[in-house]
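Participant: Under our numbering, the residue at position 142 of the sequence shown is numbered 199, and the numbers go up by one with no gaps.
Keep in mind that the hints are not guaranteed to be accurate.
To be verified - Quick list of simulated restraints, FRET-style, between CB atoms:
{"#": "1", "residue 1": "R677", "residue 2": "S144", "range": "56 to 64 Å"}
{"#": "2", "residue 1": "A288", "residue 2": "N90", "range": "17 to 25 Å"}
{"#": "3", "residue 1": "T89", "residue 2": "S173", "range": "12 to 20 Å"}
{"#": "4", "residue 1": "P344", "residue 2": "T260", "range": "38 to 46 Å"}
{"#": "5", "residue 1": "T89", "residue 2": "K156", "range": "20 to 28 Å"}
{"#": "6", "residue 1": "A82", "residue 2": "H345", "range": "47 to 55 Å"}
{"#": "7", "residue 1": "A288", "residue 2": "N407", "range": "30 to 38 Å"}
{"#": "8", "residue 1": "S173", "residue 2": "K447", "range": "33 to 41 Å"}
{"#": "9", "residue 1": "T586", "residue 2": "K146", "range": "25 to 33 Å"}
{"#": "10", "residue 1": "N449", "residue 2": "P253", "range": "44 to 52 Å"}
{"#": "11", "residue 1": "K447", "residue 2": "M321", "range": "24 to 32 Å"}
{"#": "12", "residue 1": "A288", "residue 2": "G569", "range": "20 to 28 Å"}
Said to hold, decoys possible - Here are the computed lysine to any residue pairs in the SDA-like style, where the Cα-Cα straight-line distance is at most 20 Å:
{"#": "13", "residue 1": "K96", "residue 2": "K156"}
{"#": "14", "residue 1": "K168", "residue 2": "P119"}
{"#": "15", "residue 1": "K352", "residue 2": "Q338"}
{"#": "16", "residue 1": "K322", "residue 2": "E369"}
{"#": "17", "residue 1": "K235", "residue 2": "G291"}
{"#": "18", "residue 1": "K156", "residue 2": "E130"}
{"#": "19", "residue 1": "K202", "residue 2": "H266"}
{"#": "20", "residue 1": "K235", "residue 2": "Q181"}
{"#": "21", "residue 1": "K96", "residue 2": "T415"}
{"#": "22", "residue 1": "K515", "residue 2": "D628"}
{"#": "23", "residue 1": "K598", "residue 2": "V484"}
{"#": "24", "residue 1": "K99", "residue 2": "N127"}
{"#": "25", "residue 1": "K155", "residue 2": "P132"}
{"#": "26", "residue 1": "K122", "residue 2": "L100"}
{"#": "27", "residue 1": "K125", "residue 2": "Y372"}
{"#": "28", "residue 1": "K155", "residue 2": "F136"}
{"#": "29", "residue 1": "K352", "residue 2": "Q339"}
{"#": "30", "residue 1": "K155", "residue 2": "T111"}
{"#": "31", "residue 1": "K287", "residue 2": "L231"}
{"#": "32", "residue 1": "K447", "residue 2": "Q486"}
{"#": "33", "residue 1": "K539", "residue 2": "Y511"}
{"#": "34", "residue 1": "K322", "residue 2": "P371"}
{"#": "35", "residue 1": "K96", "residue 2": "L139"}
{"#": "36", "residue 1": "K539", "residue 2": "P554"}
{"#": "37", "residue 1": "K122", "residue 2": "T89"}
{"#": "38", "residue 1": "K287", "residue 2": "V385"}
{"#": "39", "residue 1": "K539", "residue 2": "Q348"}
{"#": "40", "residue 1": "K447", "residue 2": "N407"}
Just so you know, these hints were derived from the structure itself, not from any lab. From a predicted model like this one, the values you see are computed outputs, not experimental measurements. Glycine residues also receive a C-beta, built at the ideal position from the N, C-alpha and C atoms.
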Amino acid sequence: MKKLYSNLLLLVLLVPLWATAQTPAIQRVNPTNWWVGMKEPKLQLLVYGPNAGTLTYTINHPGVKLVKTNTVENPNYAFLDLTIAASTKPGTVQIIGKKGPQTVTQAWELKARDNSPKGQGVTQADFIYLAMPDRFANGDPSNDKFADMRDPNHDRSNGFLRHGGDLAGAAQRLPYLKDLGITAVWFTPVIENNQPLTNEGGTMRASYHGYGFTDHYNVDRRLGGNSAYKAFVGKAHAAGLKVVQDAVYNHIGNTHWFIQDLPMKSWLHQWPTYTNTSYRQQPITDPHASQLDRKVTLDGWFVPFLPDLNQENPYVANFLIQHAIWTVENFGVDAWRIDTYMYNDQPFMNRCNQALLTEYPQIHIFGESSVNNVVDQAYYVRNKIDFPFKSNQPGGLDFVLEGAMVDGLKHDGSPQRMYEALAQDAVYQDPAKLVTFLDNHDHDRFLSVMGEDYDKYKMGLTWLLTTRGIPSMYYGTEILMKNLKNPTDAEVRRDFPGGWPGDKQDKFTAAGRTAQENEAFQFVRTLATYRRDHPMLHSGKLMQYLPQDGMYVYFRYDDKGTVMVATNATDKPIAMHTARFSERMSGFTKARNVLTNETLDSVATVQVPAKTAVVLELMR
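Can you make the complete structure from the sequences, with help from the hints?
Facilitator: So this is what it looks like as structure tokens:
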């Protein structure tokens, strides 16, 4: 660990000693292209190559002005500040660098913007499906592995290696997702992770998860590359589904191309010796915290093989912000999930969020801040608390509600924790923009946490799909995929059965599923499609009543309809008298059970079976 960290420092110090002997050349320009007609006219190009920073630059294209050439410690880099006039026409821009008698010319493209959907956002009307592309479906076995990549392995029998799932396979399963009632797809990161195997606790692991970027402007070849991602997004949009991009700002892979030749020492958070983050959120919001504790939380590295980016460096900040905008414009993604949000420099996050919202006003941004209380969670989103720092993030992953739902069901089946979490929603500017969930790729699978109790499974899914917020479900939950992270996280990231040619079971089809798996699939499908088609359930107001005697009742309603959700957390059926809920039920005399399609001719008393959440559409 310390050797890796020392080598990074050594690279920064040694580069200027040998780079000056090389003939100047341009090998990379990032962003790789741009577009005319963007709202922000300023752009900063990262130009890289041997002694690229020693060249004197000019730009040859009408409407494009070179404002300033910035040089840094490493002479292999130049950062060109451009402005692009609103009247600029698309075309090939010539970047010209001169040094003495030598002239270097690099073509760089300015494109016209197209009218394809992009930055549409996700709302309470959506239901997000989270999948790991390497573990979901393999549509093109020819890209399973490449001998010229740092990790040339592929072995489905090893949970720590790559399995070959790709974007082509995911595209083939879009009809399955559509039928299930899904409206948005979120993949763990698709950006290139050309990382070697890492030794974690004596186990060699591949970066199939996607969180160690090695080239921001390339989608991983093993997933199909840039063309496959663009094709997937286009097919998803054609099917009426949205796409969520998983972004990582906090860190990169230790074999990222610019780690091999750092632009400057301050590109990363550097320490005298390797320093890991404490993973503790408290020093960020604690008014009594020491600066050291705060610095360790924010600037310490997440793990030794993921170098920590210094977003206070303006060149780093520009690089990340421009890549975010480029991604939305180039691929047409609709929403932006941000990994390890709380570990980022928060003023940078506000700047990046605003840049995306300026170009794409409907885009939704929700970050991962794994905290355990409402105050800390509110800090990272638009909130009503008098914090010294005010976040502009529209939404976030609702870890507090996840804990409340899962822990309540796990320990005693009580909905009290869920009630209490929702009762504190006043701290958020808009709690409806929080993304809710029961598990994910980093957590134990929900069914296993419930001890494989099918009744609790259904109660949890009912809560997820009927309470406020934007629900997200981890792949395979609908077919009762299970397992705990102990002994390894590979157990909660198993392949979706049927996603690979030759799989013995194909659980993408009813014929390949067991009777109970089909029942679970139909349960999710029925609730998800009803939710999708009834605005009062997905976007209506929420009114909840204090849990009493094991019963928890809440309503979703608008001026066109009302849905009552009643949960009996006890192990005995309850005949629930509804007079207590007259504030919301006045005028309603009948109901339809959404899950069974049964009609209730009277709602004065509602029969709620043991360990069951009923969903009733009230009728007059």
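Participant: A separate judgement is required for each hint: does it hold in the structure or not?
Facilitator: Results of checking the hints against the structure:
Distance hint check: the CB atoms of R677 and S144 are about 60 Å apart, consistent with the given range 56 to 64 Å. Checked against the hint of 17 to 25 Å, the C-beta distance between A288 and N90 comes to roughly 18 Å, which is consistent with it. For T89 and S173, the Cβ-Cβ distance of about 19 Å falls inside the hinted range of 12 to 20 Å, so the restraint holds. A hinted range of 38 to 46 Å holds for the C-beta pair P344 and T260, which are about 41 Å apart.
Here the CB-CB span from T89 to K156 is close to 24 Å, well matched to the stated 20 to 28 Å. In this structure, A82 and H345 meet the distance hint of 47 to 55 Å, their C-beta atoms being roughly 53 Å apart. Between A288 and N407 the beta carbons are some 34 Å apart, a value that agrees with the proposed interval 30 to 38 Å. About 34 Å separates the C-beta atoms of S173 and K447, a value consistent with the hinted range of 33 to 41 Å.
Under the hint 25 to 33 Å, the C-beta atoms of T586 and K146, about 47 Å apart, miss the expected range. One distance hint, 44 to 52 Å for the beta-carbon pair N449 and P253, is violated here, with the actual separation near 38 Å. Separated by about 31 Å at the C-beta atoms, K447 and M321 satisfy the suggested range of 24 to 32 Å. Taking the beta carbon of each, A288 and G569 are about 26 Å apart, inside 20 to 28 Å as hinted.
Our distance criterion of 20 Å between C-alpha atoms is broken by K96 and K156, whose separation comes to about 34 Å. For the suggested pair K168 and P119, the alpha carbons sit about 14 Å apart, so the restraint of at most 20 Å is met. Between K352 and Q338 the alpha-carbon distance is near 11 Å, which keeps this suggested pair within the 20 Å criterion. Taking the CA atoms of K322 and E369, the gap is about 13 Å. The hint holds against a cut of 20 Å.
Between K235 and G291 the alpha-carbon distance is near 15 Å, which keeps this suggested pair within the 20 Å criterion. For the hint linking K156 to E130, the alpha-carbon distance of about 18 Å falls within 20 Å, and the restraint holds. A hinted pair counts as satisfied when its Cα atoms are at most 20 Å apart, and K202 with H266 qualifies at roughly 15 Å. Of the supplied pair hints, the one linking K235 and Q181 holds, its CA atoms being roughly 17 Å apart against a limit of 20 Å.
Between K96 and T415 the alpha-carbon distance is near 7 Å, which keeps this suggested pair within the 20 Å criterion. The suggested pairing of K515 with D628 holds, with an alpha-carbon distance near 15 Å, which does not exceed 20 Å. A distance of roughly 17 Å separates the Cα atoms of K598 and V484; the hinted pair therefore holds under the 20 Å criterion. Distance hint between K99 and N127 is fulfilled; the C-alpha atoms sit about 15 Å from each other, no more than 20 Å.
Between the alpha carbons of K155 and P132 the distance comes to roughly 14 Å, so the proposed pair stays at or under 20 Å and holds. Under the criterion of a C-alpha separation no larger than 20 Å, the hint pairing K122 with L100 is consistent with the structure, at around 10 Å. Distance restraint check for K125 and Y372: the Cα-Cα separation of roughly 13 Å lies within the 20 Å cut-off, and the hinted pair is therefore satisfied. A threshold of 20 Å between alpha carbons decides the hint, and for K155 with F136 the separation of about 15 Å falls inside it, so the pair holds.
The hinted pair formed by K352 and Q339 meets the criterion: a straight-line CA distance of about 12 Å does not exceed 20 Å. A C-alpha spacing of about 9 Å is found between K155 and T111, which places the hinted pair at or below 20 Å, so the restraint holds. With a C-alpha separation of about 15 Å, the suggested pairing of K287 with L231 holds against the 20 Å cut-off. The suggested pairing of K447 with Q486 holds, with an alpha-carbon distance near 11 Å, which does not exceed 20 Å.
For the suggested pair K539 and Y511, the alpha carbons sit about 12 Å apart, so the restraint of at most 20 Å is met. The suggested pairing of K322 with P371 holds, with an alpha-carbon distance near 13 Å, which does not exceed 20 Å. Simply put, K96 and L139 have alpha-carbon atoms about 14 Å apart, close enough for the 20 Å limit, and the pair holds. Taking the CA atoms of K539 and P554, the gap is near 13 Å; set against the 20 Å cutoff, the hint holds.
Between K122 and T89, the direct Cα distance comes to roughly 18 Å. Compliance with the 20 Å bound is thereby established for this hinted pair. Taking the CA atoms of K287 and V385, the gap is about 11 Å. The hint holds against a cut of 20 Å. For the proposed pair K539 and Q348, the alpha carbon gap of about 42 Å is over 20 Å, so the pair is violated. For the proposed pair K447 and N407, the alpha carbon gap of about 9 Å is at most 20 Å, so the pair holds.
Hints 9, 10, 13 and 39, counting from the list given before, are not met by this structure.
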